[in-house]
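A.B. asks: Starting from the known structure of chain A, fit chain B onto it as the hints suggest.
Quick note, the sequences are listed as chains A and B, same order.
Taking my numbering, the leading residue of the first sequence gets 11, the next gets one more, and so forth.
Taking my numbering, the leading residue of the second sequence gets 1378, the next gets one more, and so forth.
Just so you know, these hints were derived from the structure itself, not from any lab.
No experiment lies behind these values; they were computed from the predicted model shown.
One or more of the hints may lead you astray.
[Unchecked claim] For lysine-lysine, the following DSS-like pairs were computed, each having C-alpha atoms within a straight-line distance of at most 25 Å:
{"hint": "1", "chain 1": "A", "residue 1": "Lys358", "chain 2": "A", "residue 2": "Lys310"}
{"hint": "2", "chain 1": "A", "residue 1": "Lys105", "chain 2": "B", "residue 2": "Lys1760"}
{"hint": "3", "chain 1": "A", "residue 1": "Lys94", "chain 2": "A", "residue 2": "Lys358"}
{"hint": "4", "chain 1": "A", "residue 1": "Lys626", "chain 2": "B", "residue 2": "Lys2005"}
{"hint": "5", "chain 1": "A", "residue 1": "Lys524", "chain 2": "A", "residue 2": "Lys409"}
{"hint": "6", "chain 1": "A", "residue 1": "Lys626", "chain 2": "B", "residue 2": "Lys2115"}
{"hint": "7", "chain 1": "A", "residue 1": "Lys626", "chain 2": "B", "residue 2": "Lys2107"}
{"hint": "8", "chain 1": "B", "residue 1": "Lys2115", "chain 2": "A", "residue 2": "Lys476"}
{"hint": "9", "chain 1": "B", "residue 1": "Lys2097", "chain 2": "B", "residue 2": "Lys2005"}
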Amino acid sequence: MGLSTVAPLWGAPGLLLTIALHLALYLRPAQAWAPVHRDYCVLGAGPAGLQMAYFLQRAGRDYMVFERAPVPGSFFTRYPRHRKLISINKRYTGKTNAEFNLRHDWNSLLSHDPRLLFRHYSDAYYPDANDMVRYLSDFAERLGLHVLYNTTIAHVTVNKDRGAWNGHYFILTDHRGQAYQCSVLLVATGLSVPNQVDFPGSEYVDGYESVSVDPKDFEGQNVLILGRGNSAFETAENIFSVTNFIHMLSRSRVRLSWATHYVGDLRAINNGLLDTYQLKSLDGLLESDLTDLAIVKDHKGKFHITLKLFMEEFFNQSSDAIPLPQDNNDNFAMRVAYDRVIRCLGWKFDFSIFSKSLRLSSGSELSEKYPLVRASYESKGSRGLFILGTASHSVDYRKSAGGFIHGFRYTVRAVHRLLEQRHHGVAWPSTEHPITHLASAIIRRINEASGLYQMFSVLADVVLLKENATTFEYLEEFPMQMLAQLETITGKRARHGLFVINMEYGRNYSGPDKDVFFSDRSVGHMEDAWLSNFLHPVIYYYRHLPTEQEVRFRPAGWPLPRPSALHHVVEDFLTDWTAPVGHILPLRRFLENCLDTDLRSFYAESCFLFALTHQKLPPFCQQGYLRTQGLVGTESLRQHGVESGLLWDSATMGQNQGASDQRPGDHGPGGHPLAPGPPVSPFNSNKEEL
Amino acid sequence: MMPSSFSVFRAGISFVMMCIFYTSAVDSPELSPQTFFSTLQPGKATLVYFCQAESPRTSMFLEELNEAAKPLQDYGISVAKVNCVTEETSRYCGSEKDLIKAYLFRGNIPLREFPTDTLFDVDAILAHVLFALLFNEVKYITTLGDLQNIENALKGKRNIAFSYVRAIGTPEHRAVMEAAFVYGTTYQFVLTTEIAVLESIGPEDIEYPHLYFFYCKQVLDLTQPCRRILMKQSLTTLNIHRFIKTMEAPLLTEVAGDPTQVSTVHLQLGLPLVFIVGQQATYEADRTTAEWVAWRLLGKAGVLLLLRDSLEVDIPHDTNVIIRRAEEDTQVEFLALSHIDLIVFHLESTMNVEEMVKYEDMAELNIEIQDDEVEETVYRDRKRQLPLELTLELTEETFHATVTASDSIVLFYAGWQAVSMAFLQSYIDVAIKLKGTSTMLLARVNCADWSHVCTEQNVTEFPVVKMYKEGQNPVSYTGMLGTEDLLKFIQLNRISCPVNITSVQEAEEYLNGELYKDLISYSSMSVLGLFSPTMTRAKEEFTEAGSYLKGYVTTGIYSEEDVLRLSSKYTVTLPALLLARHKEGKIESIPLVNVHVHDIVQIITNASLETFPEITVENLPTYLRLQKPLLILFSDGGIDLQHEKTILRLAKKKYLDSVTPCWLNLKKTPVGRGVLQAYFGTLPPLPLLVVVNLHSGGHVFAFPSDQAVTKQNLLLWLKKLEAGLESPIKVLPAQEWKPPLPAYDFLSMMDAAASEHLARKVPECIKETDMHESDKEQPDDKSAITEESIGTSKMKHSSRSSWLEEIKKPLSSP
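Isolated chain A, as found in the complex:
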């Protein structure tokens, strides 16, 4: 509102005055009635905020990042408390493909600058958190990102305005009272509030955020840790060699990341306590609902576990009078007195600065620590408000990597692509190819794409078929739950069918109680590909874009609605899906049957023969040979072709008439010598009813 409407008044006093006014306006503390406008405001200069800033910067957008601390990534200046990051910094993969290598780089942000890869910042496989801080500073500085440090946004509200992109502006007010008016608000504040459980005696508990990290402080002590996540185990790992024992108490059983395939569950690097527990070294794990418990401090300053129930009955009594479970149940597991109780229950999103008018609410029970967002990361309450980074994890909580750098760097890019289309008419980036390149385009992506691999079952590639399916458009890393809204989000048309390329673990393979080492866990034969357990590519074919209803009411356990046809590329021990017969051939057959055409490649000589003996040519000859781009081949290849029986033998050609039916030249439409049986029924024609 401010500047633009006021400006005409300044027209009269002349140039000098205008400049002076301008300066004055900038220099004096701004007031709420004169907010600074930005198209994009990013809250938080952590990894997600910086990642978004990078994309906005590259696109030349008007944006500003607001950061409370004097440096980027301030979370990492304090956390993790024991300083060892558990995100993998894998510097060697034996491959040079930079895109592939990002599959195994969990710390780098996306940029065009190869110097900004995390492996240049640390040699450690599990790097030190200080290196992350240094990396993020470099990232912001080297790329010249616009970050306003030392600026605490204290309040965010919304102002209706018909002229605004989304019908309203977001008004941010910082600690100095300066207001900022933003068309789009990108919240990347992470999870900053430690989770606490309220129970009698919770005041005696040390929080993870402040507990001592010096093992000396725990020597010879009985320690109880509340929680069973990575921070709990990280804390235990640091002290379990000097304590008498550690008991770990949590509501539900421990979830091991290698069994659940979810990186947020307990990582093996932190699981020393499991070892000592199961090897009967006094440490132990217990499951109980923390909200039922109470902690009583006795006259010696030791802590006893009792039930909240008992506390209520004996309210106001001296602590020694409060009954303990062992009074009735003398083998109660936690009857021992503890010297310390440590709370390691994780963090939740800070809702406090957001005005009610933003309607930013928390998610369901499972993900109540996160704000509620759509699969496009846009808040359900206000259009134009997006949640990025760790706080956006409700979309794929306990499923994929969206809560972690190696996952949200891609979801941030997806949000940016959505914004480019929505506000600047820049369609989702895509490449267009002749249909004969479809199998190759898919093979290339499933072998190198890092976004598909990290954000499996969240981001998927989409192939949009053009009319008559002679060409296709390839779109990368689309949030697959938004498939029904694909046309609006990408600015592309999906009228002639589409493929969705996803990566999936086998159904029923992952889970906290699953044996992921059972003996028949892997399949090798392509016919069994649908039984693959390890992460493998799955391709969905839809004749029509699914509707929102179909996506919402998809079959249980399916990432997408039931497709017209489905293909699994068989899992591969090396995650290398380039085997000609094992991987590429079944994929080609699938695509052929979906598109009802022949996608084989042919040498120019075969195309020549077809051109003179058929009225129609296979797509490869049409799109290559007829455009004078036929594949000529060499003599040695020809020789192999003749030996394999797939190519004409010019020496005997025309002489052995009886064998003419077996000739590849007759492979043509309708009469394949290898398939004399029932006519092929492509997916395209007969699966309508399914």
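C.D. replies: Chain B alone, transformed into the frame defined by chain A:
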């Protein structure tokens, strides 16, 4: 446990049903509860069905039950249905409208209640009823420990038939139960649905149900395990019967008679006989061998020991094994096998032929056979070492420095992509040909390794060839992916395009081919644009057209002050094009009027086409673009000069404008034979003139072989063709190119597995129930079905618990 008492009550078993409004035709007696209970005979088993109302659900069940009545009767079990008349409700009737209940009674004592959805078909009904009645004969176990206990208990006493079925109520379960009905007194049957038990026994594929025969009776030393024989055939009543029969047969029989006359139970069961031919002198060793073979073939064939000495008939001297098959028309085989394994192998390999047929969905197998010629040839060639070092491999680090430092051609390919790997070979061939002669650097980037370089260079499909020249935008090669065409492209790119001609003298040398002698073999035509110095725009357009044609046609530009000397020499007004055809030594002139880049390119491209070209694999597409029928002269070797002359003359007089005249040299383009064969079915005498109308109708016409190719004959024939008076010798097929083979239908496989999973759900519940407990119950105990946990455990899976509650209530006899 009590085989004798078992057979007593088996004599009288019946199966009862109850129903009120039962209208469909069930043959079994329909009774009211009152009359029903009075008809129950002591000791006789009855399956009773009680029903309140008719509903689709009940009628389906009744149909199945109806069908099951007959086989049940065979086992002495009667089936009855009971009308639950409202005024005299029996407790069995239940209260709800579409309630379905079936009970198994022995005498008037209820043995078991079945939720009718466990009795979903005839197999399930039989399996469940027999299972309930034969609980002593068939031990249900869930752990390996249970099996071992039974095994240990029966050592030295009885043999065991142990089977794994995927679920209770399946056809294979029925088969096992039916076998148990017959053999249950002789052998101890043990049943499990736990795959883990099976896994701990044998390494066999556990996909399908199994039956093992445990030889425990002969085991006297309790520490010895019972010998186990797996039945290889599928679990059907007949197969099990056959299998058990062979288990009962003596392991090894010694015979002395003619092997063609000997008969054992095996032959009657359709199994082959294997004779091990031995002799008295080596009797002990021969017998050991024969026993070993007998164990190996137990259940698959009968093994006999035949002593040559005792034999009256002659058998071939070196024969050591004789196989006689059960099929009547098969010959007795006399074999000389070097190793005993070969006996088994020989027998099984020939037996399997029959079994293989089941799997022999040939189309299924072919799905996995490569039918892409490029993929297959590249794959077959994968082990050949290419001289890759002749081209420079570029990386992310070296790419930019290299292409900016020198003029380079770069091939972008992917190591896994067959088409680009096939082209890589041609590319290497180019490098071999250019070795040491070219200033152009030949380089390559494997996009599988250097993805970012390729993306940055806008390479998103493979293969792509780009030429990088200093100060110019990279140019993509769009010609044929072969050695010759790429070589031509590289060579023609040595000169700038258009080349700037500076004097009339030079222009003449350019036009007569002297200037770029070595390039003439690559470009048979040179184009010279003539412009007066002031024609800036026209020059620009021409220059752009020239750079567009770069690498395909040689172009030059002359616009000095004395350009009029040339234009007057070739009698053309400026601006103009001069086309020099080096082969024919002719120079044509074309005035350029008001033309744009696109038109100039079109003019030059059209001009580069020959009037009567030799058609080749490489140039056919160029001529097909004219969209005219092809008039092809097929020739075995060089062209007949007389024919050439005739056609050229006709062409010159524009008589052939409606077709594209061309000729094909079978020596140079051998694939032409394939074309002829497609037209004629056989190779006709050559030369031969054909018109192929590819663009409309696909008609092929052959010039009559009895006519000479003369001007008149040819013209007349073409006229007739145009008039539609000739009939085609062949109409080319017009079908679309469909998928050569089907793909795996994973959706259907998943559906099949899902429905199987559903079917298994019921039996899974049974697994949870404690079968041993009910085993221990005395058959006549009233509480036998008090804890019918089929129902209770099912509740975990089903919310339809209201009527299941009923089941939990203890039943007592009325």
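A.B. asks: Against this structure, judge whether each hint is valid.
C.D. replies: Outcome of the hint check:
no.: 1; hint: A:Lys358 / A:Lys310; in the structure: violated (35 Å)
no.: 2; hint: A:Lys105 / B:Lys1760; in the structure: holds (21 Å)
no.: 3; hint: A:Lys94 / A:Lys358; in the structure: holds (21 Å)
no.: 4; hint: A:Lys626 / B:Lys2005; in the structure: holds (16 Å)
no.: 5; hint: A:Lys524 / A:Lys409; in the structure: holds (15 Å)
no.: 6; hint: A:Lys626 / B:Lys2115; in the structure: holds (11 Å)
no.: 7; hint: A:Lys626 / B:Lys2107; in the structure: holds (15 Å)
no.: 8; hint: B:Lys2115 / A:Lys476; in the structure: holds (18 Å)
no.: 9; hint: B:Lys2097 / B:Lys2005; in the structure: holds (17 Å)
Figure legend: structure checked against the earlier numbered hints; the only hint not met is number 1.
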